[in-house]
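Participant: Sequence lines, in order, name chains U and C. Heads up, the first sequence is in this note's numbering, so the first residue is 1 and it goes up one at a time. Heads up, the second sequence is in this note's numbering, so the first residue is 1 and it goes up one at a time.
Since the hints were made in silico from the structure, they are not lab data. Any given hint could be a false lead.
Examples of chain U residues lying across from chain C (beta carbon under 7 Å, computed) [claimed, not checked]:
1) Ser187
2) Leu270
3) Ser324
4) Asp326
5) Ile343
6) Val351
7) Thr364
8) Leu406
9) Gly454
In silico negatives: residues of chain C with every beta carbon more than 12 Å from chain U [what the hints assert, rightly or not]:
10) Ala47
11) Ala78
12) His483
13) Pro485
Just so it is clear, CB atoms sit at the ideal spot from N, CA and C, and this is done for glycine as well.
Protein chains: 2
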Amino acid sequence: MIDKSLLRALLLSLAPAIAAAQTNPAAQAARTWRQQHERAIVDELVALLGIPNIARDRDNILRNADAISALIERRGLAPKLVSVPGGNPIVFGEIKTPGATRTLVFYAHYDGQPLDPREWKSPPFDPVLRTGPVEAGGTIVPLPAPGSRFDPEWRIYARSAADDKAPIVALLAAFDAIRAAGVAMKSNIKFVFEGEEEATSINLERTLAANKALFAGDLWLMCDGPVHQTRRQLIAFGARGFTGIDITVYGPRADAHSGHYGNWAPNPALTLARLLVSMKDDKGRVLVDHFYDGIDPLTATEQRAIAAAPDVDATLMKELWLGSTDNAPRKLADVINEPSLNIRGLASGHVGNEASNVIPASATATLDIRLVKGMAPRLTQTRVIDHIRKQGFFVVDREPTKEERLAHGKIAKVTVRPGSYEAVRTPMDLPIAQEVIRVVESARGPAILVPAMGGGLPLDSVERPLGTRTIVIPMANHDDNQHGPDENLRIQNLWDGIELFAALLTM
Amino acid sequence: MIDKSLLRALLLSLAPAIAAAQTNPAAQAARTWRQQHERAIVDELVALLGIPNIARDRDNILRNADAISALIERRGLAPKLVSVPGGNPIVFGEIKTPGATRTLVFYAHYDGQPLDPREWKSPPFDPVLRTGPVEAGGTIVPLPAPGSRFDPEWRIYARSAADDKAPIVALLAAFDAIRAAGVAMKSNIKFVFEGEEEATSINLERTLAANKALFAGDLWLMCDGPVHQTRRQLIAFGARGFTGIDITVYGPRADAHSGHYGNWAPNPALTLARLLVSMKDDKGRVLVDHFYDGIDPLTATEQRAIAAAPDVDATLMKELWLGSTDNAPRKLADVINEPSLNIRGLASGHVGNEASNVIPASATATLDIRLVKGMAPRLTQTRVIDHIRKQGFFVVDREPTKEERLAHGKIAKVTVRPGSYEAVRTPMDLPIAQEVIRVVESARGPAILVPAMGGGLPLDSVERPLGTRTIVIPMANHDDNQHGPDENLRIQNLWDGIELFAALLTM
Numbered sequence: 001m002i003d004k005s006l007l008r009a010l011l012l013s014l015a016p017a018i019a020a021a022q023t024n025p026a027a028q029a030a031r032t033w034r035q036q037h038e039r040a041i042v043d044e045l046v047a048l049l050g051i052p053n054i055a056r057d058r059d060n061i062l063r064n065a066d067a068i069s070a071l072i073e074r075r076g077l078a079p080k081l082v083s084v085p086g087g088n089p090i091v092f093g094e095i096k097t098p099g100a101t102r103t104l105v106f107y108a109h110y111d112g113q114p115l116d117p118r119e120w121k122s123p124p125f126d127p128v129l130r131t132g133p134v135e136a137g138g139t140i141v142p143l144p145a146p147g148s149r150f151d152p153e154w155r156i157y158a159r160s161a162a163d164d165k166a167p168i169v170a171l172l173a174a175f176d177a178i179r180a181a182g183v184a185m186k187s188n189i190k191f192v193f194e195g196e197e198e199a200t201s202i203n204l205e206r207t208l209a210a211n212k213a214l215f216a217g218d219l220w221l222m223c224d225g226p227v228h229q230t231r232r233q234l235i236a237f238g239a240r241g242f243t244g245i246d247i248t249v250y251g252p253r254a255d256a257h258s259g260h261y262g263n264w265a266p267n268p269a270l271t272l273a274r275l276l277v278s279m280k281d282d283k284g285r286v287l288v289d290h291f292y293d294g295i296d297p298l299t300a301t302e303q304r305a306i307a308a309a310p311d312v313d314a315t316l317m318k319e320l321w322l323g324s325t326d327n328a329p330r331k332l333a334d335v336i337n338e339p340s341l342n343i344r345g346l347a348s349g350h351v352g353n354e355a356s357n358v359i360p361a362s363a364t365a366t367l368d369i370r371l372v373k374g375m376a377p378r379l380t381q382t383r384v385i386d387h388i389r390k391q392g393f394f395v396v397d398r399e400p401t402k403e404e405r406l407a408h409g410k411i412a413k414v415t416v417r418p419g420s421y422e423a424v425r426t427p428m429d430l431p432i433a434q435e436v437i438r439v440v441e442s443a444r445g446p447a448i449l450v451p452a453m454g455g456g457l458p459l460d461s462v463e464r465p466l467g468t469r470t471i472v473i474p475m476a477n478h479d480d481n482q483h484g485p486d487e488n489l490r491i492q493n494l495w496d497g498i499e500l501f502a503a504l505l506t507m
Numbered sequence: 001m002i003d004k005s006l007l008r009a010l011l012l013s014l015a016p017a018i019a020a021a022q023t024n025p026a027a028q029a030a031r032t033w034r035q036q037h038e039r040a041i042v043d044e045l046v047a048l049l050g051i052p053n054i055a056r057d058r059d060n061i062l063r064n065a066d067a068i069s070a071l072i073e074r075r076g077l078a079p080k081l082v083s084v085p086g087g088n089p090i091v092f093g094e095i096k097t098p099g100a101t102r103t104l105v106f107y108a109h110y111d112g113q114p115l116d117p118r119e120w121k122s123p124p125f126d127p128v129l130r131t132g133p134v135e136a137g138g139t140i141v142p143l144p145a146p147g148s149r150f151d152p153e154w155r156i157y158a159r160s161a162a163d164d165k166a167p168i169v170a171l172l173a174a175f176d177a178i179r180a181a182g183v184a185m186k187s188n189i190k191f192v193f194e195g196e197e198e199a200t201s202i203n204l205e206r207t208l209a210a211n212k213a214l215f216a217g218d219l220w221l222m223c224d225g226p227v228h229q230t231r232r233q234l235i236a237f238g239a240r241g242f243t244g245i246d247i248t249v250y251g252p253r254a255d256a257h258s259g260h261y262g263n264w265a266p267n268p269a270l271t272l273a274r275l276l277v278s279m280k281d282d283k284g285r286v287l288v289d290h291f292y293d294g295i296d297p298l299t300a301t302e303q304r305a306i307a308a309a310p311d312v313d314a315t316l317m318k319e320l321w322l323g324s325t326d327n328a329p330r331k332l333a334d335v336i337n338e339p340s341l342n343i344r345g346l347a348s349g350h351v352g353n354e355a356s357n358v359i360p361a362s363a364t365a366t367l368d369i370r371l372v373k374g375m376a377p378r379l380t381q382t383r384v385i386d387h388i389r390k391q392g393f394f395v396v397d398r399e400p401t402k403e404e405r406l407a408h409g410k411i412a413k414v415t416v417r418p419g420s421y422e423a424v425r426t427p428m429d430l431p432i433a434q435e436v437i438r439v440v441e442s443a444r445g446p447a448i449l450v451p452a453m454g455g456g457l458p459l460d461s462v463e464r465p466l467g468t469r470t471i472v473i474p475m476a477n478h479d480d481n482q483h484g485p486d487e488n489l490r491i492q493n494l495w496d497g498i499e500l501f502a503a504l505l506t507m
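Build the full structure now, drawing on both the sequences and the hints.
Facilitator: Put into structure tokens, the structure is as follows:
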């Protein structure tokens, strides 16, 4: 059951946004259009969600790119597939506005996070509509017949329902609405839909650098991520950076009998645990030497924005079933502006009924590190590796040899995962930033402004080659199980997104 | 490549055993018989290994029991299947010797450790013969034609090749040899082949208690485990006890995005790591309060036996690719007589390419604790649970509720795995113990005597209901990958086992 006081708080917070939409003519047109085409809009999304979209699944990635090209073509815009060798294609579309003096680029991505289908309540690429969050007992219902309306609290469940196919469909629906209503456009518009964001956008920068004129724009609006936990619109003027590291430590050559060798052969799971514990104190502070060195301080405007953000901690703890938080008593809105070091997963031997009486041969952890402005990915990686050495490990970047294992009591294979982002923060005081705030608020009511999203986005891969600015405009619900099993999009967020993008497309 | 100095050391250590076999007439008869029947003996083993034997796979367990019954029946002995409701059957066979005044019970088990077939080089239930250890490049060869001989360094690869189907086949082959040669037997013999030893013999004690007369014996010889790392025969006068514990700690209700919540939502993998690290110091000493309390000290005879054991540490470190050991500089033969706490496995989220950008919802560790005489399983479990509480955890023994998770910053589900053993040590000075040593040495040369095997065996489940004594007589190679992938039996160990058991069957 969803908590009632939480629901009440959320509904109250929605009210101003709904009322405010009336002041922007494009957003008004979008609402009217949407109310007449709900089923058709959802059908486009559902069809797209039915195509598996893990970045390394090339065949299906190309099917996605083709399907999105077809959606663009259906609007009379000539789509392009742009890629570098080995990369997944970017789907590109363009609206040329006569007399326009600037170009806005709307970015989204069509690939999704890797997954294990056994962890999902319904198959991840077989989208279903539910009456509410599955955790609150939401049950599967058929899509309403064309012409009839969706309950706005219903949710579509599928990988990438929220992250990040919904913005693609919402942008195109917003364009349909603007055109149908005859609302004038002022800027040239480009659509850039990437196919390997969840694989850390490894080819994005090279692709943009190789096609600078095609991708040039005065501002990139990054349509990704969730709105605020209160459900109010959020604008993020940047994002934390990212780097990923895999660490494997070693025990006996092969799993060894824990009876015959327990107490004598070192257990790699414990060795790994000790290493991980050495990296953070029990408040959540990272203990890697120099980890926080060189960080750009927040400006006064940014600090004010953080202080003005609603305090959602207590509500969110209830929602996530948390009895404590790291870095308490500091708030989420505050600590999210600092770098983090997170364990994505641990694996060693087997657990529960699958466990054997062994000392496992190895233990692996995958870490992700969120960077803030002033932290270079490579330097941070080096600092983590230095930390591992300081704990007494001999560090290699490939499987250690027998000789190395015999020569070193503690040995770790440390590999940096492909693709890292630098953090980006666009100054909130720039005229174009101020204009974006005004336009968004005219469609969605008072927005929450954050200096940077917690989640990583390849903003540096856009800004570096193109010399442009980026602002993040999310539309998904915060409780969308993004990146995990049972990812979902709340229908009202889809409707809100269409109004939001209609306003931005006409700015 | 196998290390040459190691090979030399091993061959030297084998020499006295081979020479000594000539002094025992039954062992002599067994050698002659075996040399004439190598292929037939291996065929019986291979057929048995072809039947999957995980204890919870009831259909296949019954197929194993039937196959072993058929082997016993083929020897003209009337087999019995004995079980309690819900338990896997014990296969029982009996040889009544006219005029015998004592009964020797030979125990082995036909079930095997759980496994993941993807980790095996060849399918675990499709036995293959290899020219040597697979890790040293041993390649698959066909079985020699009937009448031709096996290279004694070849190995049979399959689950339970070593642990513990080989002793079943070796015992029956030894009986064939004795009977064919007309060597007189002096004792009544019983065969007890259990079907759930690897599931911690959960029904053994109840089954024996319900059939005391059937299972009564003056001594149980437990035919399980590996011989010494030098390949010399080993006799263990007991075994460490065992108890298993699963621990799960919790993060957010469902996997949460590590960008949006990293630094704020606690990471259960780190929480688990911290808990595990609190349990042991970096030398391998267990830090759980009172863990070592109440332990029975070793007798002078036992201490002498430990001191007399060959020092294999350096050789074994090379073989297991270990650059350090726990509790160094103390030796394996010494520390194996102390209790241990081992992590069998860790699981949280996913690692490597399967990892998602999440803070995992939970993290689980499975522990096994090896007990020594004087440690009660239940009291040890309580001490571990007390330790977890002392680290600030609210402890439950089932999934915690939402309310419990909200009320407690740190919460752990701790469950004791079914089946625990108490440790057992039979005094080495008992007349029957001294007689076993003499007989074993007459077949296999100077033996290595250890107060207790490191591995668990259900000795307490035998001694308690029947009031008998137990001695462990292993035959498998120490490097048999017991309990792990690529379990194997070295052919010479099978041949040695037949001679060993022929001697013991005629004592």
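Participant: Taking each numbered hint in turn, which are not upheld by the structure, reported in ascending numerical order?
Facilitator: 1, 12, 13
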